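In case you want the letters, here they are:
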Amino acid sequence: MNRFELTRLPFIKKILKSRYPQLAVFIVMLVGYIFAILAGLIGSPVGSRNFSIVFVWIAWWAVLILVAVPFFGRGWCAVCPIPLPSEWLQRGAVLSPPDKKPKWFNLRWPKFLRNIWMQNISFLLLALFSSVLLTTPNITGIVLAAMLVAAIGLSMVFERRSFCRYLCPVGGFIGLYSQTAPIELRIKDKQVCVTCDGKPCYNGSENGYGCPWDVFPGGLTRNTYCGLCMECIRTCPHDNIAINLRPFSADLAKPSTRMDEAFKAFIMLGSSMIYAGVLLGPWGTFKDAAYNVGTSVWLVYVIIFLAIIFIILPGLFALGILKTKSALPLKQRFASLATALIPLGLMFWVAFSLSFVLTNASYIIASLSDPLGLGWNLFGTANAAWQPLLTTILAPAQTLALVGGLIWSARTAQKAADKIKTSSIPVIAFCFMTTLVMMWLLL
Amino acid sequence: MLHDYAGHDVAALVKRSELVSRILITVAIIGAVGTPLFIWARTPLIHARVAENGGWSPDVIHANANQPFTLHLTSDDVVHGFAVGQMDMQSVDVLPGKVTDITLKIDKPGIYTFFCTRWCGLNHWRMRGTIEVGGSSSAPGPAAVPMYVTLGLDIDAPHEAPVIPINRPSAISGQKLAANLPIDRSIDYYLKHSPYQVFDELSTTSLTESQRWDVVASIWQSNTTPESRANGQQLYTQNCAACHGENGAGNGVFADDLAAAGESSIQTMAGADSMTMQSPVDFTNPIRMLGASPALLQGKILRGGMGTGMPMWGSIFTEEQIWDLIAYLYSFQFDY
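Protein chains in written order, with this note's numbering: chain A, 1 to 443; chain B, 1001 to 1336.
Heads up, some of the hints might be wrong.
Keeping only pairs whose Cα atoms sit at most 25 Å apart, straight-line, the calculated BS3-like set for lysine-lysine is [claimed, not checked]:
1) A:Lys14 <-> B:Lys1015
2) A:Lys421 <-> A:Lys331
3) B:Lys1015 <-> A:Lys101
4) A:Lys17 <-> A:Lys199
5) A:Lys17 <-> B:Lys1015
6) A:Lys100 <-> A:Lys199
7) A:Lys419 <-> A:Lys254
8) B:Lys1015 <-> A:Lys103
9) A:Lys100 <-> B:Lys1192
10) B:Lys1300 <-> B:Lys1192
No lab work stands behind these hints, which were simulated from the structure alone. These numbers were taken from a predicted model, which means no experiment stands behind them.
Take these sequences, add in the hints, and give me the full structure.
Below, the structure is given as C-alpha cells:
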C-alpha cells in the first residue's frame, strides 16, 4: 500500500531518536498534569473558573478527540506524562540503560487480564460519574491523582507500562480509534527482524528499554497497542523501524475478531450518544439523574446507560447480522463487523465534542489568566466574557462529521463483510439508524 | 568515534545527563506542587457559599479601627453580595469563581455584622459573619435600650386590631378632619401607639368610624416623610421582599419554601400554630398591622422572630433605617 516514511527525513529521525526532545515534552506535560491536580484540589470549586476542568475537559479533550486521535492515533500516549514518574521508579533511571536485574517485582500481567476489558470497565466507571467528574474540580483532581498513583503502583508490581496498556480509561479508546489514523509505526523489512539477534526492541539494550507496551514491533499490524513511545526506534540495531504516513483507517482492512475490542466500539458509540442526550439535550430529568450520583434515580440512569451499551446496541446489531449467510459463527461475525463502528464512533465523538468544545472554549482564555480562581490576571484576560465560538458553522460541521462518519463506516463495513464473505447491509443499516438518532440528538 | 573515549568517560557522560534529567524532573515536580500551594496559602480568600453549605468562610474577620483593610471575596456557588451592617456602604457582588476586592475602614472598635445582599437561597439571611474591630479608642458607649423594652411590650404576643376599616383609610381626607381635633400629633405619641389605639381614642369625637381611620392615617403621614418612606421602600425591596413579597402580602419568592421547610422543622412539633409562624407576615392584613405600634414593629425587626425564619436586623440596619422601613410598612394600610 502507499506509504510515506516520515523517518526518512533526517530532522524527524533525529528528534525521535534522541531522548531529550521527548523528555522535555514529558516534563512540561507533567508540570501541567500536577498543576491540574493541585488546581482541582485547592482552586475555585467553580468548574468554569478552574484550570483542572477547563484545561482537562475542554482544552485537552478538544485537542485529543479533534486532532490527536484522528490524525496522530496514539500521539497523545507519546507525550502523556503519566509514565514518567512510574518508569523512573520502575527502571531506577530516567535515561541510563536499564539494569539487568529488575528493581521491583516485575511480574507479568495476569494472562486472563491481557485484554482491554479492564479499560472498558475503567472508562465506564468514569463515564457513569461523568456529569460530576466533568464539572467538579476536586473530583477531577482526585481522579487525575488516582491515575498517576495507580500507574506508579502498578509499575512497581508489574513489568512495563501495565497501567497504560491494560487500565488507562483513555488509552483503551485511543488505541481503538488510532487504527483510523493516517500514521503508523511499523518495521521496514520483516526479514531483518526474523534474523535479528536478541530482539532489543522487545528486550531492551544499552540504547533503550524493551517495548514498554509489551509489543514486539516486528509483529505489528495494527496501531491499537503501539504507544508510539519511540523506544524501538532507539533500540533497533538495524534501523528497521519506520514512522509512516498512510491512508486513513488502513488498519481496519484487517478486522479484529476480539470481543473486548468489539465491545469497546459499542461502549464508545453508545456513550457518545448518551452524552449527547444527557449533557447537551433539553431533558432536565436525565441531567438531574446523571448528576445526583448515589441516588436511586442515578441508579436508574446507570442501568439504562449500561443496558444501551451492553444490551440494546449490541443486541440490535447482533439481530441484524443473525440471519446473514456466512461460514463464520455469529460471535466472530459480530466482532469482525463491529469494526465498522470504529470510524462511526470516532465521528460521533467528534460531532459531540465540537458542540461542547466550541461552546465552552472561551473559558480557556479566562482560566489562563486566573487558573486557580485566586483573583489573578496574568494575561489580562481573567474577565473575558463567556462566548460560544463559531456558532454558525457548528451545525454544518457536525452534520459533515456525522454524514462523513456514516459513509466511512459503510465503506469499512463493506470491506469487513467482504473479508468474511457476508453481507454488509445489516451493518450499514445499523450505522444509518444510529447516525439518524445522533443527528436528532445533536442538531 | 565512541572508541576515542575511554570506557569510564562514556559512563561519566551518561551519568551526567541522567543526573541532570533527574534533577530537572524533581525540580519540575516540586515546582508544580509547591508554587500553587505557596501562592494559594498566601492568598486568603473569603469564600461565600449558600448557608446550607456553610455560608461565609471564614465568618469572623479581625481588623483594627481606623486602619484600612482589604477583603478578597469569592463565591463557590451562586452570586452573593457583601455589605457590612450599620455602615453607609454600597454592597458589592461576589461572583462564582471570581474574586472581588473591597477595602474597608471602620472608625470605631466593636463587632460588626457583614451579610449577604443577594437572594441566594432559602437561608440567604443566615449568611452572616462578623468583623471584630479592635483598637485603643474609647470603648463604645452602652447601646440604647430599644423602645419595646422600655415600654415593656411583649412582641411575641398577638396584638390584633379588633376593629378594622371597611375602606382603605386616606390621609388626605383625614388631614381636613383632624385640623380642628384636639389630638396629640407628637412623634412620641405616634411611636408608642398602634393605629387601632388612636382610632379607639378618637371614639369620643363625633366622627364616623371611617373618618376616624382617615384621621389615624393622617397622623401616620404627618409623622413620616415621603423621603423616609421612599428609603424604607428601597430597604424593603432589597431585604424583605424575598419573603414578605413585593406587595407586602407575605407571598415572596421564598414564602412557599419557608412554609415547606417549617413543616419539616422541629417547630412543627409544637403544633399547627407554630407552623404558621413559618409563613412570612402579611403586611396587607389590617388585623395585624393596625394593631401594631411602630415601637412593636421596631422590636420585631430589631430582634427578629425567634424560632421563625425572620432574621434579626438590629446588627444590620441603623435605627433610622428601621424607622424608615416601618414608615413604609404602614403604607400597605394607608393611602398617603
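Hints the structure fails to honour:
Of the numbered hints given earlier, the structure breaks just one, which is hint 9.
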